[in-house]
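Protein chains: 2
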Amino acid sequence: MKTRKDKFGNINQREIANELGVSQSLVSKILAGRNEASPEMTGKILRLVQEKGYRPNMLVRGVLSGKTKTIGVVIPADGFFSEIVHGIHDCLTRAGYAMFLVWNDDHMVAPDSKKELEYIHSLVDRRVDGIILRPTHDEVSQMYFNEVHLRGIPMVIVVREIAPAHYDFVGTDDRAGGELAAKHLLELGHRCLGQIAGPSIVSTSRGRRLGFESAVADFGPTASCLTIEAPGFSNAKTQILELLQSTPRPTAVFAANDDAAAEIYVIAASLGLRIPDDLSVIGFGDLVFAPHLTPPLTTLRQNPYSIGENAAALMLTKCASKHKKKPAPEVMNIKFLPTLVVRGSTCAVKQRSQSV
Amino acid sequence: MKTRKDKFGNINQREIANELGVSQSLVSKILAGRNEASPEMTGKILRLVQEKGYRPNMLVRGVLSGKTKTIGVVIPADGFFSEIVHGIHDCLTRAGYAMFLVWNDDHMVAPDSKKELEYIHSLVDRRVDGIILRPTHDEVSQMYFNEVHLRGIPMVIVVREIAPAHYDFVGTDDRAGGELAAKHLLELGHRCLGQIAGPSIVSTSRGRRLGFESAVADFGPTASCLTIEAPGFSNAKTQILELLQSTPRPTAVFAANDDAAAEIYVIAASLGLRIPDDLSVIGFGDLVFAPHLTPPLTTLRQNPYSIGENAAALMLTKCASKHKKKPAPEVMNIKFLPTLVVRGSTCAVKQRSQSV
DNA sequence: TTGTAGGCGTTATCAA
DNA sequence: TTGATAACGCCTACAA
Chain A
31 MKTRKDKFGN
41 INQREIANEL
51 GVSQSLVSKI
61 LAGRNEASPE
71 MTGKILRLVQ
81 EKGYRPNMLV
91 RGVLSGKTKT
101 IGVVIPADGF
111 FSEIVHGIHD
121 CLTRAGYAMF
131 LVWNDDHMVA
141 PDSKKELEYI
151 HSLVDRRVDG
161 IILRPTHDEV
171 SQMYFNEVHL
181 RGIPMVIVVR
191 EIAPAHYDFV
201 GTDDRAGGEL
211 AAKHLLELGH
221 RCLGQIAGPS
231 IVSTSRGRRL
241 GFESAVADFG
251 PTASCLTIEA
261 PGFSNAKTQI
271 LELLQSTPRP
281 TAVFAANDDA
291 AAEIYVIAAS
301 LGLRIPDDLS
311 VIGFGDLVFA
321 PHLTPPLTTL
331 RQNPYSIGEN
341 AAALMLTKCA
351 SKHKKKPAPE
361 VMNIKFLPTL
371 VVRGSTCAVK
381 QRSQSV
Chain B
31 MKTRKDKFGN
41 INQREIANEL
51 GVSQSLVSKI
61 LAGRNEASPE
71 MTGKILRLVQ
81 EKGYRPNMLV
91 RGVLSGKTKT
101 IGVVIPADGF
111 FSEIVHGIHD
121 CLTRAGYAMF
131 LVWNDDHMVA
141 PDSKKELEYI
151 HSLVDRRVDG
161 IILRPTHDEV
171 SQMYFNEVHL
181 RGIPMVIVVR
191 EIAPAHYDFV
201 GTDDRAGGEL
211 AAKHLLELGH
221 RCLGQIAGPS
231 IVSTSRGRRL
241 GFESAVADFG
251 PTASCLTIEA
261 PGFSNAKTQI
271 LELLQSTPRP
281 TAVFAANDDA
291 AAEIYVIAAS
301 LGLRIPDDLS
311 VIGFGDLVFA
321 PHLTPPLTTL
331 RQNPYSIGEN
341 AAALMLTKCA
351 SKHKKKPAPE
361 VMNIKFLPTL
371 VVRGSTCAVK
381 QRSQSV
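Taken in sequence, the protein lines are chains A and B. Heads up, the first sequence is in the numbering used here, so the first residue is 31 and it goes up one at a time. Heads up, the second sequence is in the numbering used here, so the first residue is 31 and it goes up one at a time.
A portion of the hints provided could be inaccurate.
Copies of the same chain look alike in the list, so a pair counts if it fits in one copy or across any two.
Straight-line alpha carbon distances no greater than 35 Å define the calculated DSBU-like cross-link-like pairs of lysine-lysine that follow [said to hold, decoys possible]:
no., residue 1, residue 2
1, 348, 97
2, 352, 145
3, 59, 144
4, 74, 352
5, 356, 82
If you're looking for bench data, these hints aren't it; they were derived computationally from the structure.
Whole structure, please, built from the sequences with the hints as guidance.
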């Protein structure tokens, strides 16, 4: 007494088969592209399939094969990450994969990584073939280890590295970026440098900071750098104030990212400092607003689309080799070199401004 | 001779059951929250489930129930749509739904809507419960009708309405926006108005254009409006040039969107026209760069996050009523009123500039 | 060339 | 309180 074939859509192989008086398994074979039926039968089947608008059920295929051709992406929602997602999407789409997207808004140190775990579960329950993830911070790594690695689900980390280097990683060479920033300022003649660093629990912050500091150290004792760590990537007002009021006042400041750089603009103005004449400012990220600031911000441009594309490509490789039960390929670590974009917020140091 | 329970992960109910010497169906019942086992047994099962890290297989549930708790979103990739996606995502996540995201890059009239159809198929094959879609243009409606409506898959259209009003829609009240733009300019004393309209096959363009024109008409015969239709939302250089060189030259121009407005800035400058003194410009969209232009752009702000949230909420309603086999709820049409954001690109008309 | 049968992980029904 | 069984749509052996 069940209702069957009541809807026009959602037709299955059995219904095709019944209508043609053949067995369902024959339909399955033909649809799989195997030439195991007579030409007429093949034609009939394919025609009916077309006519009825039959569509395969990938849920079932997923259950059977253990492959859903679906990748989960857990990433924060902002312009930068949208571009990463764009790269991921395009690569996956080309390969016939679909993308579950989970915006992970906890930009900062989120003590309730429970939410992040829920996101992972939501993907695991849907049996994604792999997960591409931007971790909120280092310490959550343990959880992912248990929740993803132990299940044998391939995972690629993007943007922020996490502590145990078990995972493939695609991101920016933050350390090189920090070095580029320092070299740029040193070349302009600045010797008294300042730095607003991001939270040290985040790998990007650490990299940028270390790169900047090591380049200054390598330059020799004539150059010095005062680093102040901000608790987040923005809202660093007190730290910026502290840095700009230190003695001697730095003639150039490297901000951990463009948001902090924009805050420096505001605070510098409130102190009567002109950019770049009294203070050179260099940011990190080349976010959308960077060229629109007054003066336009000198910054380091990252490569979000490529990061996404490469992360996805890497994921597809891992999925393929897992399926073929090949030995797991060695752990990859891909880092894109950021490029220095020189705009109006940095200039050669003025001799006079050295005294305070 | 098959390999079973070889992996730590991907454990199923049967394995839990075997380990405890009970039947799999009992495990199923307990996990479903039904109190049909003895307290000790319940405890044992739940503990083992926890310990083994069992996770339900939503693929199977999907096959059985016909509900995957998954929604497909087909939308272009840019800042505006990212915000819509954000709204959709948050609403779906709250309800335990996951989101397949497909970036549909064919911003303009894409003759190869074949690609769009492929996207739809990719979602159909994964048996999404519903689809939220921003159509590329009106004419593709037929395809969706066949491919989605006939299958009984709920669909919500966002941003751009399509011809047969069968579908629920959430977007901006473009017509009201056009009216607001016209009224703003008329209030500033402008009487000779110009308009760069978008392609008329797109509902948003039509709405904005009609709203603008009807407001001018309602004002009376002392005001006039010259409308020129651009083939796309940007790259309207020739049309802009034509408009700005028409006689009499408009003292104020309404651009179909902010991109076109930005182009007007460039061309006006090349003609020696100052904004807003010689030419008032008003855009549509309040895109990220709008406040950063010089002068900052007066424009109409849309509500992308709310559009997304409402589209998702509507979708969930439809899914629920479909599942309960209630009569289909009436077709909804939700339009958010854009708000006028007055910045520096519009000002009162100068008496002298009326002559050419 | 075509068909039969078993199984994938789960839920629901009905029996013990 | 617990278990056996059918069903979901598909694929893969194996049989005719």
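Verification of the supplied hints:
| no. | hint | result |
| --- | --- | --- |
| 1 | 348 / 97 | both (13 Å within a copy, 30 Å between copies) |
| 2 | 352 / 145 | both (28 Å within a copy, 30 Å between copies) |
| 3 | 59 / 144 | between (45 Å within a copy, 26 Å between copies) |
| 4 | 74 / 352 | between (38 Å within a copy, 34 Å between copies) |
| 5 | 356 / 82 | between (40 Å within a copy, 26 Å between copies) |
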